[in-house]
Every structure is written in structure tokens, then in C-alpha cells.
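S.K.: Letter by letter, the chains look like this.
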Amino acid sequence: MSATSPEFSTAHLRHVERRYYGRWIAASLILVAFAFVVQAFATGQIAWKVVGQFFTAKAILIGLENTIVMTICAMALGIVLGVLFAVMYMSPNPVLKNVARFYVWFFRGTPLLLQLLLWFNLALIFPVIGIPGVLEARTVDLITPFVATLLGLGINQGAYTAEVVRSGILSVDTGQTEAAKSIGMTQLVTLRRIVLPQAMRVIIPPVGNEVISMVKLTSVASVIQYSEILRNAQTIYYANARVIELLIVAAIWYLVVVTVLSIGQYFLERRFARGRGGRDVRAAQPAAEA
Amino acid sequence: MRAAGVAATCGPRSPQPKREMTSRQAHDVPDAREEGDQRHSGGRGGAETMQAARPMVVAADVHKHFGSFAALKGIDLEMAKGEVLCVIGPSGSGKSTFLRCINQLERADRGAIWVDGELIGFRREGDALHELSDAELARQRLLCGMVFQRFNLFHHQTALENIIEGPVTVLRRSRAEAEKEAMALLARVGLADKRDAYPIELSGGQQQRVAIMRALAMHPKLMLFDEPTSALDPELVGEVLNVMRDLAASGMTMIVVTHELSFAREVAHRVVFMDEGRVVEAGAPGEVLGKPQHPRTREFIAAVLS
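Line order of the protein sequences matches chains A and B. Positions 1 to 290 (my numbering) are the ones given, in order, by the first sequence. Positions 291 to 596 (my numbering) are the ones given, in order, by the second sequence.
These aren't lab readings, by the way, just hints derived from the structure by calculation. Every residue, glycine too, gets a C-beta built ideally from N, C-alpha and C. There may be inaccurate statements among the hints.
With the C-beta cut set under 10 Å, the calculated list includes, among others, these residues of chain A facing chain B [unchecked claim]:
id, residue
1, L170
2, V172
3, T177
4, E178
5, Q187
6, P197
7, Q198
8, M200
9, R274
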């Protein structure tokens with residue numbers, strides 16, 4: 001190249017990076033605005049000492065525990081129902097299919113708060129539940145705030161998870177099912193060993209998202225007297241009038257829990273991305289050597 | 291024109307007693323070569339062979355419709371143990387559908403198929419054919435190993451895990467034992483060092499070789515290949531055909547749907563040409579590929595070779 005003509009010689013040339021003045025201006029403006037916000041909160045009428053004092057108060061920690069327990073239980077119920085109804089939805093049996101359709105339609109179509117109130121007031125419809133003459137209980141005794149919240153959140157969650165699981169199952173190539181059949185697997189074994197593990201890759205990000213939603217949705221259960229963290233914070237501020245301080249305590253705890261969960265989600269996603277490249281480090285290795 | 295006019299009349303009359311799955315061996319066909327050699331071109335010697343040994347596959351009047359489209363319009367075919375059959379024909383001629391009917395990935399609308407004397411997909415009671423249950427179909431599919439055009443390795447499992455999945459999950463063999471055998475299979479196709487590679491990390495040719503071993507790990511009596519090299523880059527076709535060539539030489543009964551005419555000429559005992567859901571012509575490779583009788587066969591072979 002340079003050999004042909006001195007005009008095209010490149011040896012003495014150097015590359016100069018472009019300067020992004022717009023980026024510098026935008027970043028400065030945002031930093032200034034942020035400084036104002038920090039300053040406002042620092043000098044605002046917030047007794048940060050009270051925040052620190054109540055951060056580990058017993059009632060708050062019990063509330064935190066209840067929030068976490070409810071998140072786990074409701075999510076577990078939601079996932080079990082979700083898988084069950086997703087499989088029913090895809091069944092060739094029209095009865096199963098339509099029951100699944102109805103379930104998704106009903107529980108996605110009514111507000112969660114309404115469902116919680118319905119479960120909590122179940123005794124008004126059925127004063128006694130169980131098998132008549134064999135095992136009976138007064139509904140009021142059975143449907144505690146915990147049970148009502150679990151049913152409300154879990155069953156509602158199942159309707160959403162069913163759709164997520166269904167899309168996950170649909171994302172698995174039919175060739176995988178055929179290959180599983182060809183080595184003698186029954187439909188159920190195929191689902192468990194081949195389809196669901198691969199569907200997980202698609203299912204986990206939205207379900208992770210829903211777990212995080214669930215942490216916060218448990219706060220709705222404060223209306224039916226489930227003593228999760230927000231309700232306990234409220235109980236305290238009704239007594240001592242430190243409204244903002246206690247709301248900040250609750251907010252910080254929610255952020256802590258959600259942060260921990262997000263980290264867990266990252267590792268879970270990485271695990272189920274096996275054999276799919278992308279985040280899998282091993283896929284970066286050269287593929288073919290033959 | 292039909293390949294084996296005798297098949298319908300001399301097919302097995304009743305299902306065979308159930309065998310022990312685990313007692314089967316992959317290569318328990320030492321006499322396969324001899325039987326293969328008395329092969330009957332175009333089914334003309336079918337009746338004699340029937341007395342000599344039970345045929346591995348008998349298809350009688352197999353029909354299959356997809357909606358209003360007739361994919362198979364009456365396939366009659368008989369093949370002996372140890373025989374290698376290559377099925378050729380234009381796309382949409384029903385080759386793959388026929389193969390998929392043999393291991394019940396598709397259910398025939400009419401007619402019947404026997405594999406190793408066992409009626410496939412149905413239980414016969416008098417003149418009624420009752421559909422088998424999911425579990426019975428799964429057990430019956432163990433008769434055949436299937437290799438797919440698009441490999442269909444389980445993406446979430448390594449090469450080794452793919453191969454041991456069937457033996458461990460379906461045949462309930464111990465993991466250690468299954469792994470040992472799987473490693474021997476991988477070594478046989480030169481992929482022992484790829485045991486921990488996921489399918490995405492393997493070339494198409496390597497994936498297909500693993501897929502063939504995954505099928506063999508189940509000790510099938512019959513291997514079905516559905517265009518095993520059609521999705522491969524041209525330079526990778528040879529490595530897969532070599533594995534199939536070795537398998538044929540070991541006496542395995544094979545049905546290969548393929549466009550590799552030179553492979554068919556070299557390895558097949560018999561070539562079947564299908565078009566529009568029918569067997570147009572069948573016979574020794576030299577006859578069907580060398581001096582095709584039917585104008586459709588001539589047209590097809592000329593088109594493929596050009």
C-alpha cells in the first residue's frame with residue numbers, strides 16, 4: 001500500500017478519539033440535581049436517629065420474617081399451580097384445557113385486593129368447610145390472616161405463572177420432545193427430564209421478576225391483618241407518629257430483600273443457561289475441531 | 291407399483307410375546323449378514339424369506355393423511371434382519387413420514403406396521419386395532435433408534451449426559467455402568483474428549499455422531515435415519531456417513547432416508563424410491579440407481595446427479 005505511493009503512507013498517522021461534550025454536560029446536570037436531593041433529605045424533617053433505632057426493632061424484624069415467609073410460601077404455591085395449569089392448558093383434553101383457561105381468566109381478571117378480601121371473608125359464604133360428617137371445621141378458625149393471604153397471593157400468582165410456564169414450554173423445540181420419545185420416554189418423563197429443564201431458561205427471568213413483585217405485594221395483605229413489615233411499621237407509627245421514619249425503615253428492608261433476591265436470580269439464570277451459550281463461559285470456546 | 295406385494299399376506303399374524311427390554315443386545319445379530327444376503331429385490335423372494343426368518347419390518351398398506359393432504363397412499367414393504375434399506379425420493383414424497391410411522395411419531399391412519407414381529411402402535415383384539423397407551427408406546431419405541439435431520443440432542447445436557455439419559459432414566463440402569471458404555475460409544479466415533487461438551491459447542495457432524503450413539507445406547511433392533519446428513523455442511527457429511535457405514539457393517543438393520551445416492555449405492559442392500567406417498571420402485575441399488583425402470587425414478591436421479 002504505502003509502497004505504491006508516499007501519499008498513502010500511514011506510518012506517521014495517529015487516531016484521535018472523538019470528544020463527547022454532550023455526555024459531560026448531561027452527567028454534570030444530573031450530579032448537581034442528585035446533590036440537591038441528598039441535601040434536601042439530609043436537612044429535611046427526618047429524624048435519622050429514629051430510623052436507626054427502629055431499623056432492628058423486634059416488631060419490624062417479625063414483620064420482615066413474615067414478609068419473607070409469605071413470599072416463599074405464596075410463590076411456591078404459585079409456581080406449583082402455574083406448572084399444573086400450564087400443563088392442563090396445553091392438554092388435548094377439552095375439560096382440563098377449559099378449566100385452566102377459566103382459572104387464568106378469573107384470577108387475572110379480578111384485583112388482587114378483592115381476592116384477598118374474598119378469601120378472608122370466606123366464612124360469610126361457607127360457615128363450615130370440610131367433608132360433611134367426617135372432617136369439619138369452622139371457616140373462621142381455618143382462614144386465619146396467614147391462610148387467607150397465602151391463598152390470595154398464591155392462587156393469583158399461579159394464574160400469571162401459568163402463562164409464563166406455558167410460554168417456556170412452547171419455547172422448547174418439538175424436536176426435543178420427539179428425541180425424548182424416540183428413546184422411550186413417556187410424556188410425563190419427557191416433560192420432567194427434557195422439556196421443563198429447558199423451559200426454565202425462559203421461565204426464570206419473568207418468575208424472578210414476579211418473586212420480587214411478590215415481596216412487595218405481601219404489603220397488600222396488611223388490609224386483612226397479616227402482620228407483614230409494612231403493617232407492623234404502621235402499627236408503630238400510629239403509636240409514636242414517626243410516620244416517615246418508619247416508612248423509610250420498611251423501604252430499606254424491602255430494598256435489602258429485593259437486592260438479595262436479584263443476586264440469587266442472577267446465579268439461577270446462569271445455571272439454567274447451560275448449553276445455551278450467551279452467559280455460559282464454556283460456549284465461548286471454539287466450537288468445531290473436527 | 292408396490293415394493294413388496296407379498297407383505298400384506300405374509301405379515302406376522304399376531305403380536306409376539308413381550309420380551310425383556312434389558313436382555314436385548316445391540317449386536318446380537320451375528321447371522322444378520324446371511325439373512326441380509328438372501329435379500330429379495332423388490333420383495334419378489336419375500337415368501338421364501340418369511341420361512342427362513344421373521345422379517346424385521348413389515349409395513350402393509352400404510353396410509354397417512356395430514357388434513358386433506360395424503361402423505362402416504364399405501365406403503366407395502368418388508369425388510370429382513372440385518373438389511374440396510376435406503377429410501378430416496380423428492381421432498382414431500384412421504385419418506386420421512388413413513389419413517390416416523392415406524393416408531394409412532396406419527397400414527398398411520400390405515401394399514402399396519404410390524405417391527406420384529408410386534409404390531410406397532412396398536413393392540414389387536416379380533417379384527418379391532420386398539421391404540422396403545424403412552425407407556426406402551428414408549429416401551430415399543432425401544433425397538434427402534436431414531437436419528438433426526440436436525441440432530442435434536444438435548445441442549446441442556448452434555449454429550450455424555452445425552453447418551454446416558456435413556457439408559458439411566460428409561461432403562462433404569464446404574465449411572466456408572468451407563469457412563470462406561472457411553473464412553474465406549476463416544477470413543478467409537480472419536481468423540482471421547484467431547485464428553486463434557488454441550489451440543490452448542492459441537493459442530494453439526496459431531497452432534498449427529500453423538501445423536502447416533504444416543505440412539506445406539508438403547509440397544510435398538512432397528513435404526514431409523516431421517517435425512518441424517520441434510521442439515522450438515524458438505525465437509526461434515528463424510529464423518530457421519532462413516533459412522534453409519536460402520537454400523538451397517540456391524541450387522542445393524544437400518545432404514546436410511548437420504549439424498550446421498552453414492553452412500554445408498556455403496557451401503558444399501560436395497561433402495562426404495564418413493565414419490566407422492568407411494569413406493570414407485572424398489573430393488574438392488576445397482577438396479578434402482580443404475581438402470582431405473584420408472585420414468586419418475588429416472589427424472590429424480592438425473593435431477594440429483596446434475
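S.K.: Of the numbered hints stated previously, which ones are contradicted by the structure, given in increasing order?
M.R.: Of the numbered hints, just 1 does not hold.
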